[in-house]
Amino acid sequence: MDSVEYFEVECPEAVGKEYYRKIADIVLLDHNLIRVIKKLHIFIDPRVPIFIAVGITKKLPGPVKIRDFADVNIQERKVTITIGNEEYLAPLLNLLWQKFGKERVDQPDRFTILLDLSPEEEVGLEDLVVMDPSESLYKDLIYALQVIQPEGFKVRRQYYAGGKFYLVASEDTLPEDIEDTVRQKFALMGEKL
Amino acid sequence: MILEPVTYKGGLYRNDEIVDLIEDVGGYIIQKQMVATEVVIQALVPRDDIALISEVAKPLAGEITPSPLVGTEIAVVTPSLEIHHLPHASCDVAEYIRRFGAKTNMIGLARGFGKRIAQLNDEERDVINEHDLAIYLLGDFEECIRHKFPVLRRGIEVPIVVSGGPSKETLQRIIDPPVDGYVGEVGRFMHRTKESEEINKLEEVVEEITRVLSKKREEIAKDPLSVSPARLMDIIRERVEEIHRVLSPTPITVQMAGLRVKLPYDQFSGVLKELEIEQGVTIGDLADIRPSRMRDYILLRIRPFSETNIMV
Numbered sequence: 155m156d157s158v159e160y161f162e163v164e165c166p167e168a169v170g171k172e173y174y175r176k177i178a179d180i181v182l183l184d185h186n187l188i189r190v191i192k193k194l195h196i197f198i199d200p201r202v203p204i205f206i207a208v209g210i211t212k213k214l215p216g217p218v219k220i221r222d223f224a225d226v227n228i229q230e231r232k233v234t235i236t237i238g239n240e241e242y243l244a245p246l247l248n249l250l251w252q253k254f255g256k257e258r259v260d261q262p263d264r265f266t267i268l269l270d271l272s273p274e275e276e277v278g279l280e281d282l283v284v285m286d287p288s289e290s291l292y293k294d295l296i297y298a299l300q301v302i303q304p305e306g307f308k309v310r311r312q313y314y315a316g317g318k319f320y321l322v323a324s325e326d327t328l329p330e331d332i333e334d335t336v337r338q339k340f341a342l343m344g345e346k347l
Numbered sequence: 536m537i538l539e540p541v542t543y544k545g546g547l548y549r550n551d552e553i554v555d556l557i558e559d560v561g562g563y564i565i566q567k568q569m570v571a572t573e574v575v576i577q578a579l580v581p582r583d584d585i586a587l588i589s590e591v592a593k594p595l596a597g598e599i600t601p602s603p604l605v606g607t608e609i610a611v612v613t614p615s616l617e618i619h620h621l622p623h624a625s626c627d628v629a630e631y632i633r634r635f636g637a638k639t640n641m642i643g644l645a646r647g648f649g650k651r652i653a654q655l656n657d658e659e660r661d662v663i664n665e666h667d668l669a670i671y672l673l674g675d676f677e678e679c680i681r682h683k684f685p686v687l688r689r690g691i692e693v694p695i696v697v698s699g700g701p702s703k704e705t706l707q708r709i710i711d712p713p714v715d716g717y718v719g720e721v722g723r724f725m726h727r728t729k730e731s732e733e734i735n736k737l738e739e740v741v742e743e744i745t746r747v748l749s750k751k752r753e754e755i756a757k758d759p760l761s762v763s764p765a766r767l768m769d770i771i772r773e774r775v776e777e778i779h780r781v782l783s784p785t786p787i788t789v790q791m792a793g794l795r796v797k798l799p800y801d802q803f804s805g806v807l808k809e810l811e812i813e814q815g816v817t818i819g820d821l822a823d824i825r826p827s828r829m830r831d832y833i834l835l836r837i838r839p840f841s842e843t844n845i846m847v
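Chains A and B, in that order, give the protein sequences.
Heads up, the first sequence is in our numbering, so the first residue is 155 and it goes up one at a time.
Heads up, the second sequence is in our numbering, so the first residue is 536 and it goes up one at a time.
Heads up, some of the hints might be wrong.
Okay, the calculated beta carbon distance ranges per label pair [unchecked claim]:
id, chain 1, residue 1, chain 2, residue 2, range
1, A, Ala168, B, Asp559, 57 to 63 Å
2, B, Pro712, A, Lys176, 46 to 52 Å
3, A, Asp331, B, Val575, 58 to 64 Å
27 Å max Cα-Cα, derived BS3-like pairs, lysine-lysine [to be verified]:
id, chain 1, residue 1, chain 2, residue 2
4, B, Lys750, B, Lys736
5, B, Lys751, B, Lys736
6, A, Lys213, A, Lys192
7, A, Lys212, A, Lys346
8, B, Lys736, A, Lys171
9, A, Lys171, B, Lys544
10, A, Lys308, A, Lys171
11, A, Lys176, B, Lys703
12, A, Lys212, A, Lys253
13, B, Lys750, A, Lys171
14, A, Lys176, B, Lys729
15, A, Lys253, A, Lys219
16, A, Lys193, A, Lys212
17, A, Lys192, A, Lys219
18, A, Lys318, A, Lys212
19, A, Lys232, A, Lys219
20, A, Lys176, B, Lys750
21, B, Lys593, B, Lys544
It should be emphasised that the hints constitute simulated quantities derived from the structure, not laboratory data.
For each residue, glycine too, the CB sits at the ideal point set by N, CA and C.
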């Protein structure tokens, strides 16, 4: 957790606090999320019981376009896309199939895609957005927090916007003033919700 | 004759000689597993003959080790087996106890999680009660354990060992009335146990279980069973042809005071009841034959000598 600027677990039970510190550490590492989290504060009170995790993310890389990982060569109606990084191949193919139809997209080998396009369709092809990492990040982050939280907390509220996120969970109905508590936890990290 | 639980590990080559020897000296094979070219035999053998067996095993490069948990069936009870909380500490514990010869069954409660909302239903309760011992693997917070454990133990009659995140002393303090065994600092964690420190903790779990079970063994010895469960297993294996067609790893599971026979109750309870042990004494005379709550298995509970006045 060295790359995280601020990481605290707050809990009235000293033993439980240490365990949850370790659990959070391992889970975030397993889910590959350490590098996107800037600050994280976890509050657990087994007496209520309630689990609150608040945090902010680092600045995320922007959306991935075709030009970022492939070369596009246009010769009249024939377009050749040479893939440099296979990581984005699957979403790219899906996107092309959707846009132009399977019969016009040909993939003779792993690294080449051939397209048959009209001149209007060729415009701006390089700038097509293939994937937006921030979209899936939200899901991953909330899922990881659900993994960290104690088992059986079925009542949840989650939030993510503008680089800030929180997850509140309990087995009982959440208190009405829960957002005030969340704000307090943000304040502990020197942030504002 | 005192039977000692042991594990034999050796090569495939001439392993039948060991099997024959164990049977000849009056021991019982509980389970025999063949993995590639290795054979692992769990058996109960007369104490005086252990030296003889290890001598015969020497040229075959086999070794015999005492494993105190052979012939016991243990319930590993965990409040939940939720997928996003994997890996569970209970997996490691269940696996580790098996190495010492016990047959473990994982029991993930349907609604055991949470603090106030934790529940134990009648099926779970009955299934746990069919075992020799139940080990409860609870979470990291003492407040939660204090609150939910009375619910999870309701109606459980077998010895209980509790493990959880807090220290052993804390567990002893918060659990009232006391249970038979405690292991501290084995709570919820999200990784596999690999470090020696963690392995030592698992070792502690096994020690605690062994201690509780030997106490139970002493209790049973005071009023001995009418017939040894291992012997009964042998008889069933010999006379009931269908048991060889059961595909589970232990078609007959040996418990400390009974057997779990993995045959359908409706068809076979009568057959077992009429089965003669010797000189006209049938299994029905010495044991209660009941349907198990686990699938449609049969549960045999051997009655003590004081009830039957027969010893075979």
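Results of checking the hints against the structure:
no. : hint                              : result
1   : Ala168(A) x Asp559(B): 57 to 63 Å : holds (59 Å)
2   : Pro712(B) x Lys176(A): 46 to 52 Å : violated (32 Å)
3   : Asp331(A) x Val575(B): 58 to 64 Å : holds (60 Å)
4   : Lys750(B) x Lys736(B)             : holds (21 Å)
5   : Lys751(B) x Lys736(B)             : holds (23 Å)
6   : Lys213(A) x Lys192(A)             : holds (9 Å)
7   : Lys212(A) x Lys346(A)             : holds (15 Å)
8   : Lys736(B) x Lys171(A)             : holds (20 Å)
9   : Lys171(A) x Lys544(B)             : violated (43 Å)
10  : Lys308(A) x Lys171(A)             : holds (21 Å)
11  : Lys176(A) x Lys703(B)             : holds (20 Å)
12  : Lys212(A) x Lys253(A)             : violated (33 Å)
13  : Lys750(B) x Lys171(A)             : violated (36 Å)
14  : Lys176(A) x Lys729(B)             : holds (15 Å)
15  : Lys253(A) x Lys219(A)             : holds (15 Å)
16  : Lys193(A) x Lys212(A)             : holds (8 Å)
17  : Lys192(A) x Lys219(A)             : holds (26 Å)
18  : Lys318(A) x Lys212(A)             : holds (9 Å)
19  : Lys232(A) x Lys219(A)             : holds (20 Å)
20  : Lys176(A) x Lys750(B)             : violated (37 Å)
21  : Lys593(B) x Lys544(B)             : holds (11 Å)
Hints 2, 9, 12, 13, 20 from the earlier list are contradicted by this structure; the remaining hints agree with it.
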